[in-house]
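A.B. asks: Residue strings, one per chain:
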Amino acid sequence: MKRPRGGRSPGAGSRSTGPARGSVLLSSVSSDAHTWNLVFLQLLLEENGYDVVNLGACVPDELLLAEARAHAPDVIVISSVNGHGRADGRRLIGALRADPMLRGVPAVIGGKLGVAGADDAADAELLDAGFAAVFPDSPDTGPFLHLVDTVCTARRAARAAVPVARTGHGVIPSRFGNGLLPAYAADAS
Amino acid sequence: MSAAERPAGALASVPAAPRDRYGSLPAAVRAARERGELLVQPRMGFSDPARMRAGLLATRAARGATVGTLTLDSYTRVGDVAAAARALATGVPLNGYPITSHALDITRGVLDRVAGPGFPVQVRHGSPLPESIFRTLTALGLDATEGGPVSYCLPYGRVPLRRAVDSWARSCDRLARAADEGGEPHLESFGGCMLGQLCPPSLLVALTVLEAAFFVQHGLRSVSVSFAQQTNAAQDAEALLALRRLARQFLPGVDWHVVVYTYMGVYPRTPGGAALLLSRAAELAASGAERLIVKTPAEAYRIPTVDENVAALELAAAAARAARPLGPGDVSDTGVYVEARALIEAVLDLDPDIGTALVRAFAAGYLDVPYCLHADNRGAARATLDAEGRLRWSSVGAMPIAHLADLDRAALPTSSGLLAALTYVQRTCDADAAAPAPSLPLEGARL
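If you read the sequences in order, they're chains H and W. Using this note's numbering, the first residue of the first sequence is number 2, and each one after it goes up by one. Using this note's numbering, the first residue of the second sequence is number 15, and each one after it goes up by one.
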């Protein structure tokens with residue numbers, strides 16, 4: 002497996018100069034081949050000053066864990082639009098929270114996560130399983146960017162102070178009810 | 015054990031089906047050409063054999079010259095035979111027909127007395143490593159399918175391009191051998207789609223011609239090249255003419271035809287917008303293709319029903335019949351042909367083996383699909399839409415067309431610009447359909 006090329010930006014390089022506000026590991030889940038959602042989120046995050054490593058489509062859990070250990074991001078962003086996101090996401094967050102190196106890295110998930118649309122109970126299960134936030138499909142990216150900012154700011158502060166391992170749960174709201182990761186899926190199969 | 019898990023020797027012992035039992039796609043194309051008709055075809059697949067058979071029967075009965083489709087489910091596409099078998103055992107509906115998990119006799123029961131002369135059935139799948147699918151369809155006596163080593167690899171996953179090329183080479187060899195038994199095997203390149211959106215037409219045209227040439231190098235004597243409807247009707251018509259010209263030049267001595275895909279990107283929200291877009295696709299196909307793959311308004315949200323597929327087929331057939339033929343001067347030359355030709359020639363110069371040439375071309379960036387995240391795609395090319403909705407390069411990366419391309423360097427994408435481009439067709443079709451224009455929808459795409 003080739004190393005994913007996270008450094009390449011799909012965009013105009015329009016992010017502000019100066020040090021990045023934080024580092025984001027962006028990924029789909031193992032069964033999802035869609036990528037326009039990931040291209041969009043990479044552009045959005047870079048425009049807002051973050052370094053992004055984009056792992057692309059159909060990312061096996063073990064590859065995602067290996068990349069997360071290698072890059073040590075401030076936050077892991079999972080976007081999925083094929084309707085299997087809840088099932089794949091539950092399995093993935095279990096693996097992330099069980100990993101000694103990664104259990105302190107906050108992870109969020111969003112998109113079209115089920116085949117039947119919004120499901121608050123299922124979202125609550127994802128939060129219980131360890132995601133720091135769950136974003137439904139929506140054009141409003143504000144809550145998502147706010148959360149990423151909160152997480153990155155908190156982790157920078159933590160690094161600047163005593164290097165204490167801490168989980169995302171303590172620094173972010175337990176639930177974002179109305180945010181979303183836009184999920185534009187070119188249905189090209 | 016499913017059909018796909020059996021070694022090839024086990025399938026070889028199955029009595030060979032008489033060729034042409036399930037119809038010939040090239041023969042249907044020839045017949046439709048003589049009648050001056052456009053073939054229309056759904057993207058239809060159901061896991062339940064009875065429903066699949068009913069869908070084929072309804073396709074055959076639809077008003078229009080139709081071709082049947084077995085679209086496979088996504089587990090079968092990625093080779094997860096166990097998951098497909100589990101779904102069948104527990105009655106969970108899949109998003110397509112799991113041809114390698116159903117017993118051969120089950121699939122014969124779906125096809126018998128439905129597929130036949132005059133109504134061929136094509137298998138559509140999406141697999142980067144299609145050997146088990148090809149093994150199963152040839153064992154059944156089916157001999158028309160589609161895909162390609164680039165078009166089913168780069169957009170959808172992580173399989174290395176070299177591995178996909180080798181798997182497709184072996185699969186082509188197997189399919190081509192159906193000709194030894196008197197069949198007329200046919201393979202369609204999906205290269206005219208590539209992520210569905212924001213790939214300029216010259217690269218789509220070049221990729222589908224290169225994939226078809228790869229098929230021919232591996233023994234196929236009947237192929238089709240494809241083009242997915244994009245964002246500007248005039249640019250699409252120019253691309254289709256360029257595609258025909260290049261197919262004549264680079265596919266000599268073989269039977270070939272052109273297939274158009276109805277728009278593969280973010281679809282209109284309104285029924286009127288969806289019908290308008292499908293009508294435009296049918297008019298495009300009538301201007302320079304033999305076959306059209308239709309889409310239904312429902313496809314963006316769920317698996318369409320049989321009735322929705324039939325309605326789309328009939329609307330497309332009627333729109334194609336009503337289309338005015340293009341006259342001289344209807345299509346202007348903005349450079350699609352010369353760009354595509356430069357790409358094809360640069361790739362073919364890299365190696366006499368087209369599969370190796372394709373792998374080297376992507377490694378060198380001679381081919382570079384905009385916004386494709388696959389590790390074997392260089393990822394330096396970018397494209398955008400101009401004010402008329404034409405696809406324009408904003409960066410060609412290392413592709414050998416910098417001296418030809420009309421670059422729109424100012425238009426490197428932002429996140430909001432990307433969203434606007436991805437939803438351009440949805441917005442314009444919904445708006446055009448809502449506008450009080452009496453000639454809509456059939457006059458909507460005049461050049």
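Think of the hints as simulated: they come from the structure by calculation, not from any bench. Glycine residues also receive a C-beta, built at the ideal position from the N, C-alpha and C atoms. Worth double-checking, as some hints may not be accurate.
Covered stretches of chain W, as calculated for chain H (at least 3 residues, CB under 8 Å) [what the hints assert, rightly or not]:
hint, region
1, 167–175
2, 381–391
3, 430–441
A.B. asks: Which earlier hints turn out false for this structure, listed by number in ascending order?
C.D. replies: When the structure is compared with the hints, none of them turns out to be violated.
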